Each structure stands twice: as C-alpha cells, then as structure tokens.
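**Q** Those protein sequences? They're chains A and B, same order as listed.
Going by my numbering, the first sequence opens with residue 1, and the numbers climb by one from there.
Going by my numbering, the second sequence opens with residue 1, and the numbers climb by one from there.
Hints are computed from structural coordinates only; laboratory data are not their basis.
All values derive from a computational prediction rather than experimental measurement.
Any given hint could be a false lead.
[Said to hold, decoys possible] Which bits of chain B does chain A cover? Going by a derived footprint, with three or more residues having C-beta under 8 Å, they are:
(1) 56–63
(2) 102–116
(3) 133–142
We put the CB at the ideal spot given by N, CA and C, even for glycine.
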Amino acid sequence: MYTGSNLVIARRRGLFAALAFFISGLPTFAGVTVTQNVSPAATSWPGTPLIRSVTNPSSQATVGESFGGATSYTETFTIVGPNNYTLQTIALYVGGGTGTTSSSTLTLNLYDLGAQVAPNPNSYAAGVNLLGSGSGLPISYVTQSNGVLQLDFTGSDQVMLLASHLYAFEIAGVSGTTPMTWFRAGSDTYSGGAAYRSRSWINGNNARDFAMAVYGVINTNPPPPTTATVNANTTFQAIDGFGAGAVFLYEGQDPLTDAVMDALYGTGPDQMALTLLRVRISPYGAGDWTNAILDGQKAHVRGARVLATPWTPPAAMKDNNSTIHGSLMPSQYPNYVDYLNQFTDTMAANNAPVSVVSLQNEPDWNPDYEGCVWTADQFHTFCRDFAGGIKVPMMMPESLAFNQSMSNPTLNDPAAAANVDYVGGHLYGATIQDYPLAHSLGKHTWMTEFLINDQSITSAVSTGQQISDCLTVGNMSAYIWWKTIGDTNGLLNNAGALQRRAYVMGQFSRFVRPGDLRIGVTGNTSPLGISAFANQYRNQVTIVAVNNTVAPVTHTFNLQGIATAMVTPVITSATQSLETQSPVVVSGNSFTYSIPATSVATFVTAPPISVSAGGFVYNRRSGLMIQQVTLTNSTDSTITGPISLALDNLSSNTTLANAAGTTVNPPAGSPFVVASSGDLAPGATLNVTLQFTLPASGGITYAARTVTGMATP
Amino acid sequence: MKTLTSPFGIIRTLVCAAALLVAVSAQAQIAYRFSINTASLIGASAGPFYLDFQLSDGSGLGDGNNTAWLSNFNFYGGAPTGAAAGAGAFTGNLSSSVSLRDQSFFNEFYQAFTPGSFLQFDLNLSARVDSGLVPDTFAFAILDSTLSNLPTLSGGSDVFASIDITGSSAVVHTFASNGSVSPAAGGPAITIFAPTITPVPEPSTYGIIAALALALTVVVRRHSRSRAT
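Bound conformation, chain A alone (with noise of 0.2 Å):
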C-alpha cells in the first residue's frame, strides 16, 4: 500500500523508470567518435588490441604517408579465427597535417577482402563499403602532435569481422592535399596484412605496414547474409567484346595459327569466344604489315574485330629520326593520318578491316624500345585539326596507367572529341575508375593492354577480378590481354594449350557478347566482383561471380527484372576448366550458390519460355511445309509481350513463308513470326504455326529464339 511518502517515491521510480525506458529505447546512432592526443609519441598501444601491425608506433612507423599524389591509404588486417569479431575500436598512429578542411577531407573506409592470404592481394577494388551505410564516416583532424588517433565506433557502424577475413581499413582524401600524416613501418611487421597507397601496394612492396591497432569484442552472432540484387531494370554500358594481342609475338608464332585463332575465338566447346584482336601497325611501311594482315583474316573470318595500334610512327616523321623515343613532329601530323590510313586500307583490301585504329601505344611512356612521346596538347592538336581525315574509328590515347589527363584536354573541346570514337589506356601501376567525361560524350572506353608474367590461378582469377572491376567500376565496354600465345603470359602457351586465365576470360567472352548490356548490381557483393549483364534479344542475362578468395563463398543472388526458372553455373577454377554445373533452380526470383574458392563461376539464365515443337507436315493444298510450335512461360512471372518467334540460321534452301519480317536486332536477319501482341502468364502457352516453302532438297533447320517485349524484334 502506498503512503504519501513513498506514493512520491513511486512515483519518482516511475518516473526514473519512463526516463531510464525512453533512453532505452533511443537509437545508438552509427558514427565514430575521434579522440585525438591519446598517447603522445606512444610505444605501445592503449588497452589490449586485437590486432597491431607493430608493437612500437613510435620507434617502428617511422615513415609519414600524406595525400600528395595518392587518393587513399590503407592497411589491410585479418581476423584470426575461429571467432567473429565486433569492431569497437582502431588506433592509428599519426601526427602533422594541416588538419581537414571542406577541400581536405578524410574519410574511413573498410572492405571485406574475403578470405585472402596477406600480405596478398596486390591491389584491391573497393567493394560494399562496410562503414557509413556504404558511404564512409568522413572524420575531423586538428593538427596533433605525433601520437595515437583513436577511432571508436559506434551504432551499426560497430560491424561484425568475420572470421578468416582479410579487411581493409582505408583513409580516403583528396590528392595533393595532407590534411594528416600517417606512418607506417619500412619493413614488414605484420604477416596479416600490408599498407597500400591508392589500393595498391606502396611502391609495388608488400613489406610495409601502417601503425594501427584494432580493438573488438567477440560477436556470437550468426553473420549477415551474403545478398546481392540484380537488377535488369537497370542498365550501363554496352559491351564491345573481349581480346588479346597478336604483337611482338615470339619467333614463330607470327602469324597466328588456325589453331591458336581457333582456341580463342572459336565458339564451339572449349573455345574462348573472344571477339577483339590487337595488332601492330608496323612503322617499317606495308612491307611488314603481312603477319598484321594475316592475323586480322583469320580474325575477321571468325567474327572478331580488330584494334590496330602503333608503337611509334615512322622514323622519318619524327623528331629524332628514330623508331624509338622522340615525338611525331607536327609538320608530319597530315602524313601521319595518311600512314593510318593506308595501313587501314590495305588491311580492307586483304579481307582483314580494322574496326578500331589507334593513335598511339602508351604515349606517356619513353622505353628503350618502339616508342614514342605525345602529350596531352599535341593530342587535342592532332585529333582537333587532323583526326577527322582518319577513316576508320578513332581511339586516343592508350595511356600507360589509363591516365585521364591525358585525354580530357581532347575531350574538353567538343571539334576535337568529334574525331574520337574510343578512349582506350592500360592499367600498369592504375587505379581502375570511371571515366565520366568520356562516358558522358557517348565514348567507350576499352582496357587494352595488360600483363602479368603468372599463369597461375591464383593470378588468373585475379585478372577475373580486374576484368570485372573494369567493367563496373571503370564502365569500360572491352578488356584485351596482352597476348594470344606465349608460356609467360599468354593466353596459349607456346605448344597452343589453354592457360588458367584463357578459361578465366572465356567466362566472361563465352557469355557475354557484343551488344549485350551491363545491368545493375546492389547490396552486397563482398567479397565477389560481380557484374551482371543481359541480351534483350536473346533473352539472356548473364552474372560473373569473381570468387578472388581462398574460401568458398555462398552467395544468395536475388533477380530484379529478370524472367528465368533456372540458371546454369559454369566454373573456372584451378580443377575446372569452363565446366557446366547442374541448372540451380529460381525461386522467389532468387538463387544461392557456393562459389568454389579462387574460381570464376558464371550464370546464364534459361530462356524464360520454352519452345516445343511438333515436326514438319506438307499441305498439298498451300504448297507449304508446316510446323506447329508451342511456346510456354516456364517461369513464375507475368513476361511482358509482345512476344515474337525468331527463326536464327534458317537453312537456305526454304523461307519462312508467314514471316512478319525479319530481325533488325542482332542477330539481325532472322525471319520472325509474332506470336502474342500481349503478355504471357505464367506457364500460359501460346501455339504458332509456321509455315515454311518446301525445300527442294534437304531438310529445314533453325534455331528457335523468343523475344519478348519488342514491336520490332
């Protein structure tokens, strides 16, 4: 029974209570708190870390890392196992600066690298974002006094590390500003990890470490899932294709042979289906343009385009009168376009038509070989004033480390980007980014030049991660090995077999053709490189899944837009060579699937209607061969109409004689029937006649293909 009295202390326990509840129920708001000073000039870490690159801040991180010409730093760590981690706390050890400014920001970043084995990987590709809710937490620095900067998290931002992850803590800033200094150790004091500078390892050296500490609490909880959404709806670049060089190819193994051409641009079973082929244009004059010619027929004959790129110009057109070093001489620019031209002519009239002529063979590099310097002017120059006599499609400038500045001047004067059709460049010592100037202007851009001397799995899935990031990260439309054939870095080595990273790029080129779409990719890829790209025409969507990792990955892929009952895996991985895996069933619009470790798995997606067809019957009366057909969504989802039948590789001796026309879409051509002007439901049927002209010997083939929500298929 209540008194007075404790009616008033009641009253202030509830009181106390609905406080102490409505606190309660506040959300812990995601962020970081930064304490700086902690420990001035520490030689040791505060508290008992989880992890620390060195033991000595103070005595080992002797080396400061600002932003001068870097855009990020990072030191990878892993989380040992068996346990998972919550992520309270990191220390770094830093001092100096000019502190952040609204134009010299800072901003953490950390990425699940997935199971990698430290001090790999090389360079990494940001994925999901794990702080900020995918954004980053951009921080405030005052200029301190060497010592320990701590970073405590808070809210969702205290994430779950998984165990046997390798993460990467990054500091994100502006080039050419140094808001702060971080130090790191000039050798390497930490097995689990390594410092990179713009995510790639300092000075190409996994040997370094940055000072830094990592505090957590062990999480019993079950990890989030591994979800990522893809989305037909929306849509990126076109694709133009995949490819190798077929340049300074060894004694022998130029011209290429049948059999190499074969292997890599065939399409049949075991074929890589690459449909880009780089050559040389000799500065020696047609006299040594043959294997050039020679290599572009057996191309051109299997449906691959060419890339025609010179080294240098001739030697009498330069300042130097020399095939190596020195620069075209701008009195010699019209001789130039004319050397391109007649190089593109002559390959035309021997059947070998380059689809894509280059400037210039990394410009920006000045080696003992071939070679020869332009600069960024001389290139707006040359394509403002002279570029537009070029006959064939234009690319500019093939930059060593896909260096934008040297193209933006010719992109920035519209009289000169009207003579460009293609930004190309390398990735040697690059950061792969978009190009959104370029893009912007309807350019595509190409990765065409890049090597490893490793043929491994390991270093193929990685050029499968490269490849991807590419793709997504750069938006570029083609990726184009170094070379065809060669034991240290050829797709074929010397005896013509298929190397690991042949297969690697055969799962992207054996599905992914010209023409198709990139198409959306959300939520959580980590740690796969995934992209995803669909074929309206061929009703096709296709998802690489880059598992660049040591463990397997179940990943759960949900579909957006995307009308399919299965999909097909087929695996590239140290054991599996383009190998097709039994259809996994698409449930709810959603599939999971355990991607092998280091491997590359692609799928395709079934046809969302099935085709059946009945056989071939004479009518005496019309004259006509007829052939009943039934299509049937075999899907869960509405498919959206109209819907059309089109007939691919119709035999030549018979026409389709109730065609409504033919395909103007690739593979354009195709006699097509309409089957329905509306939709489908699903397992609906729809029954078409078709009606062919009686052969006059032979039998009627075809290959059957629908295509659905186009008036004009």
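Fit chain B to the given chain A structure using the hints.
**A** Positioned in the frame of chain A, the structure of chain B alone reads:
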C-alpha cells in the same frame, strides 16, 4: 528344396515375366489402328480421292532411323485404284501394304481409292527419337482430284492425323475436315469426322501375354496339386 510352387518361386516367375514384358514393350515400336468414316466422299465431285501418308524427318536429317509400315487396309465397300506415287523413300501400295522411311527430309506416299462407307488400316511406327528440337512426324491426309489436301481443322497442314515421334508415347493429333472450306478441286465442303486412332498391341506383345497367362496357369495348377497331396 525350392520348387516352383514355393512363394518365392511364384514371385520370381512373375517378376521375370513382367521384366520380359517390359523389355518387349520398351522396344522402339508403336502400333495404331486408324478408323475414319469416308461415307461423305462417296460420289463427291472433288474426287477421285487419294490416301496420302507422309513421314518427314525432324532434327536428325536423313538418318533413316524411323519407318512407318501401313497394312490391313479395309475400304468397306471401296477399293484402291490406280498406281502408287510419292516422294522420297516409300514402297508398296494400298492393295497390300505401304512403308515409308525417313531416308529423305520429306517422304510421301499417295494412291487413289474409291471410298466406301468406312476406312480402316493399321500403322506400325518405329519410335526412335531424334535429338534436337524437331521430331520425326507421320501424317495422314486425303487428297482431292487436284492432289490437294482436303481442308481440315489442323491449323494449316490440312491433315486428318499427325503423330510426332517423341518416344514410345508419341504425340497423336487428329482433326476433322473443315466443313466451311471447299476442296481445291471444287464442289461443296466435305464433312468428315476426325479419325479414331487406337493403340493396338503388337503381335509380339500378344505372344508375351499368352506366355505369361500360360505360365500363371501352370503355377496355379501345380500349387493346387501340391496342396491336394
């Protein structure tokens, strides 16, 4: 000592007989009896009429892997007339039997006949399945005097029946004549009901069934005797 009269012996006998039956049934052979009322053709101005049989190749071009054998023609007051004709791989005539083989893409047999009140014949069809999208197909039509198919409701082919060889359970389609379309040879539209096509056991299957029945009889009698003694 085990005897046939033991339960195991009976079961073993039945299993063996059943297995034999299944094995025989699984042979790539299917048989049908066609029956169609041809009374409306009698005296029709579009005649003379022809029976037309086709065997077209599907995806396995020119493989000759299937054969259609037609026999036991009964014209119920009518009769075959004239000479057999056709295209591709065919032999025989309506007076005896006709065979078609998918040696070519299109194989056809046709021969004139005087219609009676009814027409009946048997079809033995091998049932080897072509790989690929399109099956081999057998079709049956009636042609008018211009060698044009009588119109039917088949959706363009103007046949009275077609059989897609998709395995031992072939897909059978039957169609009636199109009573609103005149024959190409002229005269009024002709009404013919869709043929009746019934599967018939093959002779070999009859033998197996008889053998199985005999075996069961023997087993039952021995079982009865052993109980009596």
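**Q** Each hint needs a verdict: does it hold in this structure or not?
**A** Hint-by-hint comparison with the structure:
1. 56–63: holds (count 6)
2. 102–116: holds (count 3)
3. 133–142: holds (count 7)
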